[in-house]
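**Q** Got chain A; can you put chain B on it based on the hints?
Going down the list, the sequences are from chains A and B.
Letter 68 of the first sequence, counting from 1, is numbered 68 in the working numbering, and no numbers are missing.
Letter 80 of the second sequence, counting from 1, is numbered 80 in the working numbering, and no numbers are missing.
Calculated directly from the structure, the hints in this document are not laboratory data.
Glycine included, C-beta positions come from ideal geometry on N, C-alpha and C.
Keep in mind that a hint or two might mislead.
[Unchecked claim] Per label pair, the in silico range of CB-to-CB distance: (1) 142/A <-> 33/B: 39 to 49 Å; (2) 101/B <-> 10/A: 11 to 21 Å; (3) 39/B <-> 39/A: 28 to 38 Å; (4) 128/A <-> 143/B: 13 to 23 Å; (5) 3/B <-> 88/A: 22 to 32 Å; (6) 151/A <-> 34/B: 44 to 54 Å; (7) 39/B <-> 143/A: 27 to 37 Å; (8) 84/A <-> 84/B: 24 to 34 Å; (9) 29/A <-> 39/B: 35 to 45 Å; (10) 18/B <-> 3/A: 17 to 27 Å; (11) 3/A <-> 102/B: 47 to 57 Å; (12) 132/A <-> 1/B: 38 to 48 Å; (13) 43/A <-> 101/B: 13 to 23 Å; (14) 73/A <-> 2/B: 40 to 50 Å.
Listed below, chain by chain, are the residues.
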Amino acid sequence: MDELDRRIISALQDGLPIVAEPYGEVGARLGLTTEALLERLRAMLARGEVRRLGASIAHRHAGVVANVMCVWRVPPEQVEQFAREAVRVAAITHCYERAASPEWPYNVYAMIHGQNQGDCEAVIQELCQRTGQHDYVALLSTREFKKTWTRL
Amino acid sequence: MDDTDRRLLNRIQSDFPLVPRPFGRLGEELGLPEDEVIRRVAALCEDGLIRRIGPVLDPARVGRLGALAAMTVPAGRVESVATTVSQIERVTHNYERAPIHGTCPYNLWFTLTAEAPDALAATLGAVEKATRLPVVVLPVLRKFKIGVRFSFPEEGGDG
Numbered sequence: 001m002d003e004l005d006r007r008i009i010s011a012l013q014d015g016l017p018i019v020a021e022p023y024g025e026v027g028a029r030l031g032l033t034t035e036a037l038l039e040r041l042r043a044m045l046a047r048g049e050v051r052r053l054g055a056s057i058a059h060r061h062a063g064v065v066a067n068v069m070c071v072w073r074v075p076p077e078q079v080e081q082f083a084r085e086a087v088r089v090a091a092i093t094h095c096y097e098r099a100a101s102p103e104w105p106y107n108v109y110a111m112i113h114g115q116n117q118g119d120c121e122a123v124i125q126e127l128c129q130r131t132g133q134h135d136y137v138a139l140l141s142t143r144e145f146k147k148t149w150t151r152l
Numbered sequence: 001m002d003d004t005d006r007r008l009l010n011r012i013q014s015d016f017p018l019v020p021r022p023f024g025r026l027g028e029e030l031g032l033p034e035d036e037v038i039r040r041v042a043a044l045c046e047d048g049l050i051r052r053i054g055p056v057l058d059p060a061r062v063g064r065l066g067a068l069a070a071m072t073v074p075a076g077r078v079e080s081v082a083t084t085v086s087q088i089e090r091v092t093h094n095y096e097r098a099p100i101h102g103t104c105p106y107n108l109w110f111t112l113t114a115e116a117p118d119a120l121a122a123t124l125g126a127v128e129k130a131t132r133l134p135v136v137v138l139p140v141l142r143k144f145k146i147g148v149r150f151s152f153p154e155e156g157g158d159g
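Here chain A stands alone, though its shape is the one from the complex:
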């Protein structure tokens, strides 16, 4: 990623303008042709620096109001098998393995989104059944203080 790529990302950080030729408008601000800007964006997507190009949805406005971070204590040798099941569940948007500690022995984290708490609990129950892993803590978000994206 070079200096021009960074300038492009900065220019797009708050979103494309919703006009007929958004890339043309942003390109003009940067002194780039539409095609040069598109080429740069394609390359950043191909290299994986841009994970996706698209709309970010405000869950709460979309009626997806409940979000639960569920953490399981899974024996290390069973983590992969657990994750294979977890990633197949559409309501689970993120699934990570994290380092455990004596104070907090949980090592697998799953973010679950639903229309209500019951939806999320049903997802957790199903995953427990399918994996045989029942040692977990489910943490419901009670207040959202900040939700934004990585900036350059």
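**A** Positioned in the frame of chain A, the structure of chain B alone reads:
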């Protein structure tokens, strides 16, 4: 929000067209005139349902380290501690969470990204100093799934 909005929302969360007239291309795909696509997307942005249409970065590939951190904040201080944390630009998510199953010592959870390990440590140190509370970091070992996409049920479709 009607069925056409839901179809649009399902379509534009990824692979936003990289062509000079992307809304025209979306219109061709969905059978809508370009100006109607623009009008609908602008309204969804205005309503706050779409936060923005733009590039979602992979922090690791743009030289950023990410971390999840947790704190035990006394009940009366959650608001003020959370405000302190949110004010840090490197913080991307910040939630108060309560257990609905099991027990948990932490009630404030936040994620942050930084350009280097020392910047990450310095940021967390600054939080500890400003709040006079310890911050626990939970390092990632493996990522199995990343990617938020919401499916809006389309009445006319087959799901």
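**Q** Determine for every hint whether it applies to the structure shown.
**A** Taking the hints in turn, this is what the structure says about them:
no. : hint                        : verdict
1   : 142/A <-> 33/B: 39 to 49 Å  : holds (44 Å)
2   : 101/B <-> 10/A: 11 to 21 Å  : violated (42 Å)
3   : 39/B <-> 39/A: 28 to 38 Å   : holds (29 Å)
4   : 128/A <-> 143/B: 13 to 23 Å : holds (22 Å)
5   : 3/B <-> 88/A: 22 to 32 Å    : holds (27 Å)
6   : 151/A <-> 34/B: 44 to 54 Å  : violated (31 Å)
7   : 39/B <-> 143/A: 27 to 37 Å  : holds (34 Å)
8   : 84/A <-> 84/B: 24 to 34 Å   : violated (39 Å)
9   : 29/A <-> 39/B: 35 to 45 Å   : violated (24 Å)
10  : 18/B <-> 3/A: 17 to 27 Å    : holds (21 Å)
11  : 3/A <-> 102/B: 47 to 57 Å   : holds (48 Å)
12  : 132/A <-> 1/B: 38 to 48 Å   : holds (40 Å)
13  : 43/A <-> 101/B: 13 to 23 Å  : violated (45 Å)
14  : 73/A <-> 2/B: 40 to 50 Å    : holds (45 Å)
Checked against the numbered hints above, the structure violates hints 2, 6, 8, 9 and 13; every other hint is satisfied.
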